[in-house]
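A.B. asks: Sequence:
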Amino acid sequence: MTLSDIAIRRPVFTTMISGAIILLGLISLGRIPVDLYPDVEFPVVSITVVYPGASPREVESQITEKIEDAIVSISDIDQVMSFSRDSVSQVIILFELHADLDRVANQVREQVSAIRRDLPREAEEPSISRMNLSATPVLTYTLSGPLAPEKLRFYAEDVVKPAVEQVRGVASARVRGGAERQINVLLDLEEIQSRGFTTQQIVDRIRLENLNIPGGDYDEGKRQITVRTVGEFQSLDDLRNVAVGATAEGTIIRLGELARIEDGVKDLDMIVRTNGEPAVVLDVLKASGENSVRVAQEVQARLESFEFEHGVQASLIFDTSEFILENAEEVELALLFGGGMAVLVILLFMLDVRSTLISAVALPTSVIGTFFMMYALGFSLNMMTLLGLALAIGLLIDDSIVVRENIVKYLERGADPVTAASRGTREIALAVLATTATLCAVFVPVAFTEGIVGQFFREFGITIAGSVVISAFVAFTLDPMLSARFAKQRRPGEVDRFEFLKRPFLRFYAQLDAVYFATLKWIVEKRWRMTMVVSVAIAALFFSFSLAGIMGSEFMTTEDRGQFNVIIELPAGTSLEETAQRLYQAELEIASDPRFITVYSTVGDQGDPHVTRWRLRTVPKWERTENLFDLQDVVRAKILEHVPEARLSMMLPGIEDSGRNYPIAMYVRGPDYDVLEKAAYQVRDVMAKIPGMADLHVDYQPGKPELQLLIDRDRAAALGVSTALIASTVRTALEGEVAGTFRDGDDEIDIRVRLEEEDRATAENIGLLTVPIFANGTPAGFLPIRELTKEVRGAGPAVVERLDRARAIKLTAAAQGRPLGDVVNEMLAALDAMKDELPPGVSLQLEGDAKIMMESNESLALAMLLGVLFIYIVLASQFESFLHPLTIMTALPLAMIGAFIAVFATGWSMSMGISIGLILLMGLVTKNGILLVDHALVALRHGKTAKEAIVEAGLARLRPILMTSAAMVLGMLPTAISDGSGSEFRGPMAVGIIGGVISSTFLTLLVTPVLFLAGEWMRNLVRRKQPVPVLAAAASEERSDLRHSPAE
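Just so we're aligned, residue 0 is where the sequence shown starts under numbering that gives the first Met the number 0, counting upward by one.
Don't take each hint at face value.
In the DSS-like style, the derived pairs of lysine-lysine whose C-alpha atoms are separated by at most 25 Å in a straight line are [to be verified]: (1) Lys65 - Lys150; (2) Lys408 - Lys501; (3) Lys943 - Lys408; (4) Lys408 - Lys520; (5) Lys150 - Lys160; (6) Lys943 - Lys525; (7) Lys834 - Lys688; (8) Lys677 - Lys688; (9) Lys520 - Lys501; (10) Lys65 - Lys160; (11) Lys834 - Lys677; (12) Lys688 - Lys850; (13) Lys834 - Lys520; (14) Lys487 - Lys501; (15) Lys487 - Lys408; (16) Lys637 - Lys620.
Hints listed in this document are in silico derivations from the structure and should not be mistaken for laboratory results.
Go ahead and model the full structure; you've got the sequences and the hints to work with.
C.D. replies: What follows is the structure, encoded as structure tokens:
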């Protein structure tokens, strides 16, 4: 007994099962997280070490290289990138995507801990963090008001941040900008020189005085008393009164006599502005697995009800949930409209309201049931799963259409509803199972593909495959049960009261059958006609592939989310304040442009005071005529108008934390910067000649001025002065040294010791700093460091960048006016031609989106190849034949014809999204061939000749093929023509699938019968039987039922 027979015999049981699917789906829908991307994690670990006062080259040699050497033994490392800047080392480790992030992160911690003692004592503790998509902010607020910068920052940190972090689902809130409180001990150079103190002596004295030390316990009768020595500073006066020494007469010298002590702020290392106004930024990060939309809404509600004090105001700058909701609304409309169009197709073809309603039940059941599957697998409602649902809407009714159409045929022959439902479903079961299995099989390679393709499209493929499996289950259970219960048996002589409405459609369908019958019969009668059909199909295939070559390729279709980023780089050595001031007017003018909503600016965000990062938010695309590239040109022109020497890079928001962010990044690697710089400009000259290359920059600025102190090592050694002592003295005087913390309630505030600002302003004062000297191990007074050093003016790099443990200079660029793939291919060819001109030891390495695109293309090509193989395996298993699956699979190249023509005609370039759409298309278009070949094989088993069988199959399957194809096309049409949020990603994929379904449908109806006959001829030839006269057919050999069309 088949599944459908069980469903027919037990209608209550079937109804309850379907009801359970819907109930579980509705419950799951309320619990599925909503997010922008699938919950994937790129295994990226970042190590940051602060080494105050050190130059980039000192950071490289003392910190970066040691960390790189330590972590090189860790397994599964894909790439190591490092950046050595003033006072900061950052090492970013990109692991293979299959790596266990917990395991490798622990190994990184162990290796870095093992070398901690080898790092300079002055270096701060290494900070090790993991990067993932959920660590990007879901909301960004700015706080502004009449408070001083340090008080505004304090208010944000101590008042607003805790309130936000109490919201359910918030992992943390991050405050940036403003000024941080700090106790400054500003030494008077003249005073410490005249009284014979060194900066290090004062730092050590503060540390020794600012202590609370437990002394132990003693018993006092029956009580135990704890003894503590309390020495921590309770006020700034305690700090001022610290005794740092004494005069010869025994008079105590206090710290307040040598320094000005203030409750001040740290030096600004970042300036944040919103539309030109100073601000403090509050980034809200959600916990992993939480619903981004719910978290964003609850945080907004919390801040809207929050009672801000001191005139502080909070302004929402960026809200990720906006795009998520807009994207979801677009998909919801596509589902409703596409589903309605698919149901309309059934009504127009079947001309029966009951049949339409019975088949239409599959749609809500399958869609809602898919939510339960997604919840069970831990998926979220994101742009990939929603895309899968949007594209699947036309598929979910296909199986029910095929089953119902076959049941109707039995009803038209006079069978009762139960018999029609049982036999009709049983007859078509193999074909339905085969179509479902092929669609699932085609996504097996994608689900297990490594790289970004597998990470992002796994949920997409599984969502489609799972929804189709559910729709097949519904087609085998609910559809035959409803048909058996509610279908109307056709009785001889019965008059249809709606005949007058159906008559035009019936006449059209009869004519369609007649035209197809005549065309197919005409084709299979003569060898040259069959040859002509196949030749035309092959010619169309070659033509479409030529169009694919013209279209070009890119990584991801550019999405207009109303946002883009700008990196603005001024000459190295430009101070933080100067950088901010130079760009201030440009910010104001762009912010006043009605096409822009927000200009969010951070100066010095990553430790480079000469670099500014802008994030611009525009009005929605449907409220403006310009695209994002036009607006980028506006911003570019405005910045260069005010800062002509600025270097700009424009980027659209992409997949954060994937480790590679630029569209094109070419690294020039080698051991020496002098050689690398020359080679980098050679490469730049070649890249600059490539059409479509935009924002090309050499990311290396050697012009940052330096005052280098060259130590006379022999004299210093003779006087007992170490290099480390001289270096730490200079560092403490200029950068300052944290000598402890000052407790103010629950807050711990750094105490930083350094020279007064005017004493730090000249090179002469640096030379006046003194260090203690010794004669035969005995203290011999103090000596200015100018007596032990030589001052040399020079220039050093603003940042020392390394790639895979070798120094590197990065060239960054973007493609404009041409597809990224075309620009990259031409660039690689040009660089390959000039590689012999590069200095010895220099190599080139491609990174950025361009590298991901090339890796993804390789992965997708393999996935397509494996998809074809899996389709063949499924079909061969279903039909128990090695030959006929090949006949069915001719639909695959036929589908590519329409897909490429449609994508080309609509002006898109090939992209990763379109390629995934082609894989989906491969699973879809085999359906038509399966329906034809399955029926033809049944006819063969009933004694028909091959020619009779394939013509009968064509006529019998014409209407279900057209119905299912029309349902798929119209179901995807809303996605293809939408211009809402995310349409740039979804639209091209839907366009390609629609074009492929159309071409495959019409060509399969003509080409597959020819190839079926050829296959039967070959099969008979192998079996040494009389071959079917495929290529020499004659009309006189045809049976009488082939001489008459159905219309006759």
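A.B. asks: Against this structure, judge whether each hint is valid.
C.D. replies: Verification of the hints:
1. Lys65 - Lys150: Judged against 25 Å, a Cα distance of about 39 Å means the pair is violated.
2. Lys408 - Lys501: Status holds; Cα separation ~17 Å.
3. Lys943 - Lys408: Status holds; Cα separation ~20 Å.
4. Lys408 - Lys520: holds, 23 Å
5. Lys150 - Lys160: It holds: about 14 Å lies between the C-alpha atoms, which stays within 25 Å.
6. Lys943 - Lys525: Holds, at about 19 Å.
7. Lys834 - Lys688: holds, 16 Å
8. Lys677 - Lys688: holds, 18 Å
9. Lys520 - Lys501: Not satisfied, since the Cα-Cα distance of roughly 28 Å exceeds 25 Å.
10. Lys65 - Lys160: Roughly 37 Å between the alpha carbons, so the hint for Lys65 and Lys160 is violated.
11. Lys834 - Lys677: Since the Cα atoms of Lys834 and Lys677 sit roughly 13 Å apart, the hinted pair holds (cutoff 25 Å).
12. Lys688 - Lys850: holds, 21 Å
13. Lys834 - Lys520: Roughly 62 Å separates the two Cα atoms, so the pair is violated.
14. Lys487 - Lys501: At roughly 17 Å apart (the allowed maximum being 25 Å), Lys501 and Lys487 satisfy the hint.
15. Lys487 - Lys408: Since the Cα atoms of Lys487 and Lys408 sit roughly 12 Å apart, the hinted pair holds (cutoff 25 Å).
16. Lys637 - Lys620: Holds: Lys637 and Lys620 sit about 21 Å apart, inside 25 Å.
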